[in-house]
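K.L.:
Sequence:
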Amino acid sequence: MKKILLVDDEHNVLNALRRELKDYYEIETFDNPVAALEHSRETQFDLVIADYKMPFMSGIEFLKQFGQMQPGASRMVLSGNSDIDTLIHMINETHIYRFLAKPWKGDELLSSIRQALDYRDAILENHHRADARRKSNIAVQTIHNDSPFRIVLVDSDDHLLKLMSRELADVNGHESLYRTIRQEIKQETPTTKFKFIINIFHNAQAALAHAKNNPFDLIISAQTLPDMEGIKLLGKIRHVLPETALILLSDDIDKSTLMQAINETEVKNLVLLHWANSELRSDARRQAWNLHQLRTAAIQALASRELLLRNARPAALC
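Numbering (my numbering), first residue to last: 1 to 318.
Simulated from the structure, these hints should not be mistaken for lab results. A portion of the hints provided could be inaccurate.
[To be verified] Just the calculated beta-carbon pair ranges, DEER-fashion: (1) Pro226 x His128: 21 to 29 Å; (2) Pro215 x Ala169: 17 to 25 Å; (3) Asn32 x Pro71: 21 to 29 Å; (4) Gln44 x Ala206: 42 to 50 Å; (5) Glu42 x Asp158: 50 to 58 Å; (6) Lys53 x Glu125: 32 to 40 Å; (7) Asn213 x Lys53: 50 to 58 Å; (8) Ala209 x Glu10: 48 to 56 Å; (9) Ser156 x Asp9: 42 to 50 Å; (10) Lys53 x Tyr24: 24 to 32 Å; (11) Glu125 x His210: 31 to 39 Å; (12) Pro226 x Ala132: 45 to 53 Å; (13) Asp157 x Ala209: 14 to 22 Å; (14) Ala35 x Ala209: 51 to 59 Å.
[As the list claims (entries may be wrong)] Derived pair list, reagent style BS3-like, types lysine-lysine, alpha-carbon separation capped at 27 Å: (15) Lys232 x Lys212; (16) Lys53 x Lys2; (17) Lys22 x Lys2; (18) Lys53 x Lys3; (19) Lys102 x Lys22; (20) Lys2 x Lys105; (21) Lys3 x Lys64; (22) Lys212 x Lys236; (23) Lys162 x Lys195; (24) Lys53 x Lys105; (25) Lys22 x Lys53; (26) Lys64 x Lys102.
Even glycine gets a Cβ: it sits at the ideal position worked out from N, Cα and C.
When you get a sec, could you build the whole thing from the sequences and use the hints?
P.N.:
So, in C-alpha cells, the structure goes:
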C-alpha cells in the first residue's frame, strides 16, 4: 500500500484528509512541518501533501527540504490562499505535481493523488531502466524527436478555445517547465525550439474525423460537447490513437463520472481538471490561474506520455 504524508497545522483538515484516504493508502499526519521533516529522515513516503501556510516553516520551504531528502516522492500542496501569483511561484519553485484548493472535492483529491502516484511510478521505472542501460552501455533514444508537439482542443465555446490556444501557443510560458520535467525524469533536454502546433474543433465528430488521418500527441476536450460527452470522445480517440495523452475539462465531475472516465478510457495518463467557464469570463485572476493549471497539466501529460512510451519499449530498442 502506498504511503502518504499529510502536513497541515489544522487538525480538522488532517482528520478530513485521513477519512477520505485511509481506505486506499497508508496515512501519516503531522501538524508541525519541522517534526514532519525529522520523521521523513527515517521514513520513506510515496507522496506528500502539505499546507501552504504553516507555523514554524512555510509550505515552500518545507517542500524544498522534503524534496532534497526524498526526491522520488511526489509533492502536492493544499491551500486556501487566493494569491495566484504566489501559488504559481510555489509550483515553479518546488516542482509540485498539483495544487489543491481548500475546500477540495473528494473526487478531485483522489484523482489528483492517483495521477501523481502513477507519474511517480513511471519516473522511478524510467530511472531503473536508465541505470540498467548505462550499465549495459546501451544508448538511450528519445521517443519524441524534438519536433513540435501536436495538440487538439475540443470545446463548443469559441471564446474558451481561443483563450486555451493562445495560452498553449505561448512557448515562453512553459518551455522552462518542460525542460525541468525532462531533467527530472532523466531525459536529455531538447536541442530545438519547444513549441506546440494546435488544432481546434467545436464538436467531437470533427475531432474524430481529424484523428483518422492526422495523429497527434495530446487531446484536451471539454466534458460538455454538442454531439457527444467528452469522456466518450476520449475513449474513441484512445481506440484510434492509443498513444495519445488525454485531458478532460469539466465544470464539475462527480465520483461516478470520474470512475467512468478512468474505466472507459482505460489509460493511466488521463488528466482531469475542474474548469469553471464562468470564472474564466468574469475573473481575470481566476482566468490566469485556470490557464496556468491547463498549461502545467498539458506539459505533465506530454512528459508522462513520452515516459510511458519509453518504458514500454524493450531495452534493446531504447
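K.L.:
So if I understand the rule, the pair passes when the alpha-carbon distance is 27 Å or less; does Lys3 with Lys64 pass?
P.N.:
holds (19 Å)
K.L.:
Regarding the pair Lys2 and Lys105, is the alpha-carbon distance no greater than 27 Å?
P.N.:
Holds. Lys2 to Lys105 sits at ~21 Å (cutoff 27 Å).
K.L.:
With a cut-off of 27 Å on the C-alpha distance, tell me whether Lys64 and Lys102 pass.
P.N.:
Within the cut-off at roughly 22 Å; holds.
K.L.:
Quick check: does the Cβ-Cβ distance between Ala209 and Glu10 fall within 48 to 56 Å?
P.N.:
Check passed, 51 Å falls within 48 to 56 Å.
K.L.:
Range first: 17 to 25 Å. Now tell me if the beta carbons of Pro215 and Ala169 are that far apart.
P.N.:
holds (20 Å)
K.L.:
Could one say that the CB atoms of Ala35 and Ala209 fall in the range 51 to 59 Å?
P.N.:
The hinted range 51 to 59 Å holds for Ala35 and Ala209, with Cβ atoms some 57 Å apart.
K.L.:
Given the hinted pair Lys22 and Lys2, is their Cα-Cα distance within 27 Å?
P.N.:
Holds. Lys22 to Lys2 sits at ~11 Å (cutoff 27 Å).
K.L.:
Given the hinted pair Lys53 and Lys3, is their Cα-Cα distance within 27 Å?
P.N.:
Measuring from Cα to Cα gives roughly 23 Å; hence the hint holds.
K.L.:
Could you check the hint for me, namely that Lys53 and Tyr24 are 24 to 32 Å apart, CB to CB?
P.N.:
Check passed, 27 Å falls within 24 to 32 Å.
K.L.:
So if I understand the rule, the pair passes when the alpha-carbon distance is 27 Å or less; does Lys102 with Lys22 pass?
P.N.:
Answer holds: Lys102 to Lys22 is near 19 Å, not above 27 Å.
K.L.:
Within 27 Å, alpha carbon to alpha carbon, are Lys232 and Lys212?
P.N.:
holds (16 Å)
K.L.:
Is the hinted range of 42 to 50 Å satisfied by the C-beta distance from Ser156 to Asp9?
P.N.:
Once the Cβ atoms are compared, 43 Å apart, the range 42 to 50 Å for Asp9 and Ser156 holds.
Consistency with the previously given hints fails for number 1 only.
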